[in-house]
Every structure is written in C-alpha cells, then in structure tokens.
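**Student:** Here is what each chain is made of, one letter per residue.
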Amino acid sequence: MDATSPALPSVAPKRGRNLHRFANPGRFLRLSGRVLPWLAICGAVFTLAGLAWGLFVAPPDWQQGDAVRIMYVHVPAAWLASMGYAALAVCAVISIVWRHPLADLAALEIGPVGAAFTALCLATGSLWGKPMWGAWWVWDARLTSVLVLFFLYLGQIALIRAFDNPERGYRAAAILALVGAVNLPIIKFSVDWWNTLHQPDTIHLFGRTTMSASMLDPLLVSALGFTLVFAALVLARLRSAVMERRIRSLLSARARQAEVSA
Amino acid sequence: MTNLAYIAASYGLAAIAVLGLAGDAWRRHRLARRRLAVLEATSGRRRRG
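Taken in order, these protein sequences are the chains called E and Z. Just so we're aligned, residue 0 is where the first sequence starts under numbering that gives the first Met the number 0, counting upward by one. Just so we're aligned, residue 0 is where the second sequence starts under numbering that gives the first Met the number 0, counting upward by one.
These are calculated hints, taken from the structure and not from any lab test. Small disclaimer: the values here were computed from a predicted structure and weren't measured. Honestly, I wouldn't trust all of these hints.
Stated by the list, open to error - Pulled a few chain Z residues facing chain E out of the computed Cβ check, cut under 8 Å:
1. M0
2. T1
3. L12
4. L18
5. G22
6. A24
7. R27
8. A31
9. R34
10. A40
Said to hold, decoys possible - Simulated DEER-style distance windows between Cβ atoms:
11. E/R255 / Z/R33: 19 to 29 Å
12. E/V259 / Z/D23: 36 to 46 Å
13. E/S213 / Z/S42: 29 to 39 Å
Even for Gly, the Cβ is constructed at its ideal location relative to N, Cα and C.
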C-alpha cells in the first residue's frame, strides 16, 4: 500500500471493492485511530476483571484444587493461538484472491502476536501439567499439535521477512498460512480422535457445556478481554506498519526529487 | 491456595507477555506517528490520519 498509489481499479469484484476502501492509508488510519483506544481500554478492563474473578472469586476444582485457576490464562491463550492462525489464513485468502495490500501487512503483524500467545499457551499448559500430571511435557496429540502450530508461526514470521522483494515474502507466507491451517482442526479434534492425557473439550458452541457457571463466567470474561487485547495489539502494530510504509514512501519521493534537481 | 507457585508463574508469564507486546507496540506506534508528522510537515503535504 502506498499513499501515492493511484486510485484503485473499479473493475474489482463487489466484495473486493468494499475491502479496498480500507486500502487507503489515510482512511484506515482515521478509522483505526478511533477504534484502537476503545479496544485497548475494554481489553484491559475485561482481562483484569476476568483474571481477578478467576483468581479470587471462582471456586477451586474438586479434583484439581486451585491449580484450575491457571485455566483463566491458559484457555484464552490457546483459543487466541488458533484464532490468530485462522486470521492469518483469512488474510492469506484475501491477499491471494483480492491482492489487498492491508491483508499482507496484517499477516506481517498477526504472526508475532499469535506466536507470543501460542508460547504463552504452551508455557502455562506446562505449568498446569506439572502439578496435575507430574510432568512438564508429554508427547500428547493436543500438546504436540499446538507445538506444531508454534513452529508454523515461527516459519511464517521468518518467511514473510525472508525476501528482498516484500511481495514475494507476502505470497510465500500466505501459502504457508493456508497450508498450515490444516493443523487447526487437528488441534481442535485431537482430544476426540486420539486417546490423550489432555482433557477433552468442556465448552461447546452447539452442545452442552460441562463446566459450572461459577467457572465458565470468569473464563468467558477473561477470554473476551484477551481477545480484545489481541485485536488492539494487532491493530496498533498494523497502524505502525502503515505509517512506516508511508514514511518510506515519503523518504524515497524526497530522494527522487533530490536526484532530479541535482 | 494450593499450587500457588504454578499459578503465580502462569499469571506472571501472561503479564510479561501482554505488557511486553503492548509496550513494544506503543513505542513503535508513537515513533512512527512522530516521524510521519515531522516528514509530512516538512514536505508540505496534508497530514493524513
């Protein structure tokens, strides 16, 4: 994306045209500048409320005792690790199909945040596993598939920055994101397909949730907070990337002007 | 509270990760905004965003 680029072609498909409205850096910065403070404030408030509720108010588990409180950090981190990679795959589709420049920049900025949340998920899972299973790590299907997700994030982060021509990096990373998305259903259903030490899912979108409301409510508040924080982090990084691109564009325009006048 | 060390470590790691990411994003955002404002002011173009 470039502030100096000409108007977007009017032949783009309707959905593509709607998406391309945000390819204008000025418009994107204006809109995101309004949304970002609200995302950050709401994210901080919900996260702190959910964590405090889970830490001090929610009851201990009858089997796991207080160690269950690690869930209020671990589960949102796990959800966001998968959701972040799903977002990368969506960006990849938008980039490949509609060649939307913001999708490439979004993929560039989602990667490190998603990798950090995946690392947090693995670390807190390990801290939960030690007192419950007696081991920091087991080569269980769920744990292993999340570790593979972490490596996919690292690969995407490295690949997208590996080329001198950024367009080639964006394209290669988009393909990796799409191929790697096959790991997401494996993570989700690993506890059903294989006999795992990791407990099966207790929260179901369409089925009966097998968790007490006294634990579910703080978990959902915490998950909402972490999701808003994740979105705020990505949006702030994306705004920075758009501004940095514009800075590079202005500097190169100046250099060209200086060359012409010299 | 049982297993307090594991719980504290989990919450501490979450705080370090989120605050680290937020601090980095904030510094980068502030720097980019300042540099862009200076460049646009000196190049005499209308500031966007």
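**Student:** Would you pick out the hints that fail for this structure and give their numbers low to high?
**Tutor:** 4, 5, 10, 13
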